[in-house]
Amino acid sequence: MNFGKTAVFAALALFLFYVVLIFSLLTFFEGRSFWEVLLAPDTLFSIRLSLLAATIATLLAVAIGLPAAYALSRASFPGKKLVDTFLELPMIMSPIALGAALLIFFNTAIGEAIQEKGILFVFEFPGIVLAQFATIAGLATRLMKTALDEISPRYEAVARSLGSSAWGAFWKITFPLALRGLVSTMILCWAKAIGEFGATVTLAGTMAYKTETMPIAIFMALASADLRKTIILILILAGIGLSALYAVRFVEKRPQIL
Amino acid sequence: MITVRQILHNVLAVVILTLLVPCPLLASSGSLMIFAGAASKPPTEEAARIYKQKRGVEVQITFGGSGFVLSQMKLARRGDVYFPGSSDFMEKAKRDGLVFPETERIVAYLIPAINVQKGNPKKIQSLKDLLKPGLRLAMADPESVCVGTYAGEVVEKNLTPKERAFFRKNLVTTVESCEKTANIISLKGVDAVIGWEVFQRWDPERIETVFLRLEEVPRIGYLPAAVSRLTGNRPLAEEFVNFLISPESKDVFKRHGYLMSLEEARKYTLPGTPVGGEYSLPKEWRRGKR
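Protein sequences appear in the order of chains U and H.
Per the working numbering, residue 6 is the first one in the first sequence, and the count goes up by one each step.
Per the working numbering, residue 36 is the first one in the second sequence, and the count goes up by one each step.
Possibly wrong hints are sitting among the right ones.
[Said to hold, decoys possible] Some residues of chain H that are not near chain U, with every Cβ distance over 10 Å (derived):
id: 1; residue: 89
id: 2; residue: 99
id: 3; residue: 109
id: 4; residue: 113
id: 5; residue: 169
id: 6; residue: 176
id: 7; residue: 178
id: 8; residue: 270
id: 9; residue: 280
id: 10; residue: 312
[As the list claims (entries may be wrong)] Pulled a few chain H residues facing chain U out of the computed Cβ check, cut under 8 Å:
id: 11; residue: 92
id: 12; residue: 96
id: 13; residue: 111
id: 14; residue: 203
id: 15; residue: 223
id: 16; residue: 278
Since the hints were derived computationally from the structure, they do not count as laboratory data.
Treat the numbers as computed from the prediction; the structure is a model and nothing was measured.
Glycine included, every Cβ here is placed at the ideal spot set by N, Cα and C.
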């Protein structure tokens with residue numbers, strides 16, 4: 006078997022692994038309950054809440070992550086390597102650890118002051134957004150940095166030499182060239198935010214009709230030993246996530262060399 | 036070009052090879068797998084250690100929410116003993132045909148109570164004090180956590196509809212487990228929770244228990260254990276359940292602050308307060324029905 010066939014086999018084997026996981030859910034699937042669960046008020050609330058929170062968290066992550074990614078890609082500054090390393094903290098810390106750290110932060114004097122004078126995060130909607138943001142911000146910055154790294158700085162240098170401002174060079178030259186990568190980043194981070202559980206449940210709680218996102222609803226259904234509802238909610242969440250990720254395929258462009 | 040036949044051949048080869056590899060993860064006949072609610076984690080771990088020392092039997096325990104571990108046991112199709120945090124989930128396990136009902140034993144008793152931060156900064160002395168404006172309260176999820184069901188029952192049976200509205204206004208969150216209900220007080224996340232009186236023993240430096248009035252306790256809870264129908268070694272599983280109610284094990288639970296007899300539990304309730312059973316939550320507490 007040559008390298009090309011081996012590579013394709015590996016891709017298909019991985020695909021089969023996940024397909025088998027999804028199909029195995031059907032062993033407990035009760036079709037007649039699907040619409041009942043999908044259209045139940047608590048499910049619709051959880052879907053709306055998940056979509057809204059993930060969208061806000063992603064926009065915030067990109068808004069802050071894009072300039073950060075640009076700095077990491079183009080600039081030299083003291084502590085750059087340290088900053089770069091810390092961006093990977095959410096990947097090392099489990100989501101529950103991240104949520105616990107946030108909960109403990111809001112127990113400190115600064116955290117209490119923020120909640121008293123600013124926004125309530127603990128067990129509130131902003132807490133969901135914050136938990137998801139904490140989980141995806143580092144990843145968003147890392148992915149956008151990679152996208153920017155692929156654009157040669159020479160383009161901006163040439164633009165600057167022809168009289169463009171730094172912002173103008175970025176906005177008119179680098180940004181359009183990196184746009185596909187940036188949009189891919191947004192979609193991937195949005196999908197990750199939608200599926201976020203550990204940090205959210207720790208910081209925002211599990212209150213139905215308030216902070217119960219789709220992943221939390223799945224956990225609570227399992228915790229109630231309601232397998233019927235658990236399976237249906239998993240399929241709904243998988244459907245939403247896979248649809249978003251499939252959309253990435255139309256945005257990405259990868260060279261075909263096999 | 037790769038054909039479908041080639042792919043299927045390769046996948047089949049992988050599957051066969053996997054099946055031929057001996058799996059060390061399957062419990063041997065000389066070990067036990069317990070699915071336990073987190074409400075009894077500290078003493079159960081200690082009791083299991085003692086049992087292992089005496090009998091040389093490995094005891095593997097999966098802790099979690101009582102409903103969560105019941106789901107795990109059902110999906111994994113294995114498990115020797117089910118040890119939830121309340122009779123509500125044991126009744127569910129019996130209805131689902133997952134345990135031998137005749138093997139059920141009561142290990143310890145639990146009383147619902149109000150838990151507050153150490154020092155009781157908000158001066159909460161009674162259930163009605165939880166209605167004070169501005170208080171931040173929490174409780175375990177009433178549909179999936181034993182102590183949450185009891186909390187819901189306490190609220191339903193002791194407060195008027197208007198008072199329940201005040202309670203709900205102060206209720207900032209529900210949480211997903213017994214230990215989270217206690218932790219949230221330790222972390223000063225809220226001013227009070229309706230939990231188990233034993234929570235104070237879990238973290239005496241941060242949690243204080245305020246007992247409900249005798250007539251406010253709707254039911255005496257208990258920790259039941261029963262042999263799972265999925266067991267591969269019923270005699271050994273029954274032996275472990277019986278060990279849990281032995282004097283040696285009871286000493287462990289007592290040391291951890293659990294109530295070991297009905298007489299002890301009745302000090303906190305009226306004489307006729309029912310023990311165990313199941314409570315059906317009103318629809319206001321149920322997710323899908325609101």
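Take a quick look at residue 113 of chain H and tell me if its Cβ sits farther than 10 Å from every Cβ on chain U, holds or violated.
holds, 16 Å
Minimum Cβ distance from residue 178 of chain H to chain U greater than 10 Å, as the annotation requires
About 5 Å separates residue 178 of chain H from the closest Cβ of chain U, which leaves it inside 10 Å; violated.
Does the CB of residue 203 of chain H sit less than 8 Å away from some CB of chain U?
violated, 11 Å
Taking 10 Å as the cut and beta carbons as the points, is residue 176 of chain H off the interface with chain U?
violated, 6 Å
Does the claim that residue 89 of chain H lies outside the interface with chain U hold up, using a Cβ gap greater than 10 Å?
holds, 33 Å
Does residue 223 of chain H pass the interface check with chain U, least Cβ-Cβ distance below 8 Å?
Nearest chain U Cβ about 6 Å off; hint holds.
Hold the hint about residue 92 of chain H up to the distance rule: shortest CB distance to chain U must be less than 8 Å.
Because about 28 Å separates residue 92 of chain H from the closest Cβ in chain U, which is outside the 8 Å limit, the hint is violated.
Regarding the assertion that residue 280 of chain H does not contact chain U, is the least Cβ-Cβ distance greater than 10 Å?
It holds; residue 280 of chain H is separated from chain U by about 25 Å at its closest Cβ, greater than 10 Å.
Consistency of the no-contact label for residue 169 of chain H, given chain U and a CB cut of 10 Å:
holds, 12 Å
Cβ separation check - residue 312 of chain H to all of chain U, threshold 10 Å:
holds, 18 Å
Going by Cβ atoms only, is residue 278 of chain H closer than 8 Å to chain U?
Since chain U brings no Cβ nearer than about 26 Å to residue 278 of chain H, farther than 8 Å, the hint is violated.
Taking the minimum C-beta separation from residue 99 of chain H to chain U, is that value above 10 Å?
violated, 8 Å
Going through the hint list in order, the structure does not satisfy hints 2, 3, 6, 7, 11, 12, 13, 14, 16.
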